[in-house]
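**Q** Sequence:
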Amino acid sequence: MSEHQSSPARVALVTGTASGIGAAIMEAFCQAGHQVLAVDFSDAGASVADKAGATFFKADLTDAEQCRAAVAEAVSRFGRLDILVNNAGIQHVERIKDFPEAKWNQIISLMLTAPFTLMQAAWPHMEKNGYGRIVNMASIHAHVASPGKAAYVSAKHGLMGLTKTAALEGGESGITANAICPAYVRTPLVDKQIAEQAKLNDMPEEEVIDKIMLKGAAIKRMIDPSEVADMALWLASDKAGSVTGSSFNMDLGWIAQ
Numbered sequence: 184m185s186e187h188q189s190s191p192a193r194v195a196l197v198t199g200t201a202s203g204i205g206a207a208i209m210e211a212f213c214q215a216g217h218q219v220l221a222v223d224f225s226d227a228g229a230s231v232a233d234k235a236g237a238t239f240f241k242a243d244l245t246d247a248e249q250c251r252a253a254v255a256e257a258v259s260r261f262g263r264l265d266i267l268v269n270n271a272g273i274q275h276v277e278r279i280k281d282f283p284e285a286k287w288n289q290i291i292s293l294m295l296t297a298p299f300t301l302m303q304a305a306w307p308h309m310e311k312n313g314y315g316r317i318v319n320m321a322s323i324h325a326h327v328a329s330p331g332k333a334a335y336v337s338a339k340h341g342l343m344g345l346t347k348t349a350a351l352e353g354g355e356s357g358i359t360a361n362a363i364c365p366a367y368v369r370t371p372l373v374d375k376q377i378a379e380q381a382k383l384n385d386m387p388e389e390e391v392i393d394k395i396m397l398k399g400a401a402i403k404r405m406i407d408p409s410e411v412a413d414m415a416l417w418l419a420s421d422k423a424g425s426v427t428g429s430s431f432n433m434d435l436g437w438i439a440q
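Residue 184 is where the sequence shown starts when you use the numbering used here, and the numbers rise one by one after that.
A portion of the hints provided could be inaccurate.
Straight-line distance between alpha carbons at most 25 Å, and here's what the computed DSS-like set of lysine-lysine pairs gives [stated by the list, open to error]:
(1) Lys311 with Lys347
(2) Lys382 with Lys280
(3) Lys311 with Lys422
(4) Lys382 with Lys286
(5) Lys375 with Lys394
(6) Lys347 with Lys422
(7) Lys375 with Lys286
(8) Lys403 with Lys382
(9) Lys398 with Lys375
(10) Lys394 with Lys280
(11) Lys280 with Lys375
(12) Lys375 with Lys403
(13) Lys394 with Lys382
(14) Lys241 with Lys375
(15) Lys280 with Lys241
(16) Lys382 with Lys398
It should be emphasised that the hints constitute simulated quantities derived from the structure, not laboratory data.
Construct the entire structure; sequences and hints are all you get.
**A** Here is the structure:
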């Protein structure tokens, strides 16, 4: 049993688990004794899940039927579903005037519509159990905006609204919903943005982290995925039973100004 274990073993569905924050959350939940269905579009997610002790399920979450299939798989395999972590996400950095419509639709579908569909599918099972924990991976961009991130910012603002609505609707059934809002986390997704931000802002790549990503931060470092995983684990626990409809800003002091 992990030192992080603070609640009875539960069944969790975590999305976007092939790398980064999702992989860290999956690993933390497994170490805490939970049964985890790890959902990702990438085949690479299978080995990552196996190493952590999770069960892998491949799905394209921009497809509503595959979202529902993931929930059905968790319930069929483990007999229940207690925790849903909506983490899967992608990024595209480009000004609004040049932003491809197809990329807009993909980001909104994956990062806003899919969490809604997964929540809707999971809801009856959580309601039946009288226990549910929904943890939505938002971003500091659920509260503020940055140039070049129209779809990402829109999806994250929408996800925050969805979180609050779910909290109000789930309270009587023992279902909580909260959002984690980190600033830049050291992940492959963020690493990929360095070149994009350099191009967008016409600066050398080596200057992007200091002048763009950490410009507004009081703590001048990137966040480690394990820090976010620890927050998700607590929000999914019995100890967080009185916390719902909240956003937890792991933002290095970014919006303290």
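**Q** Indicate, hint by hint, whether the structure satisfies it.
**A** Tested hints:
1. Lys311 with Lys347: Measuring from Cα to Cα gives roughly 21 Å; hence the hint holds.
2. Lys382 with Lys280: holds, 16 Å
3. Lys311 with Lys422: holds, 20 Å
4. Lys382 with Lys286: holds, 18 Å
5. Lys375 with Lys394: Cα-Cα ~16 Å, so holds.
6. Lys347 with Lys422: Measuring from Cα to Cα gives roughly 20 Å; hence the hint holds.
7. Lys375 with Lys286: holds, 16 Å
8. Lys403 with Lys382: Holds, at roughly 23 Å.
9. Lys398 with Lys375: Given pair Lys398, Lys375 holds - Cα atoms ~18 Å apart, limit 25 Å.
10. Lys394 with Lys280: Holds, at roughly 24 Å.
11. Lys280 with Lys375: holds, 22 Å
12. Lys375 with Lys403: holds, 20 Å
13. Lys394 with Lys382: Roughly 13 Å separates the two Cα atoms, so the pair holds.
14. Lys241 with Lys375: Answer holds: Lys241 to Lys375 is near 23 Å, not above 25 Å.
15. Lys280 with Lys241: violated, 34 Å
16. Lys382 with Lys398: holds, 17 Å
Hint compliance for this structure: hint 15 alone is broken.
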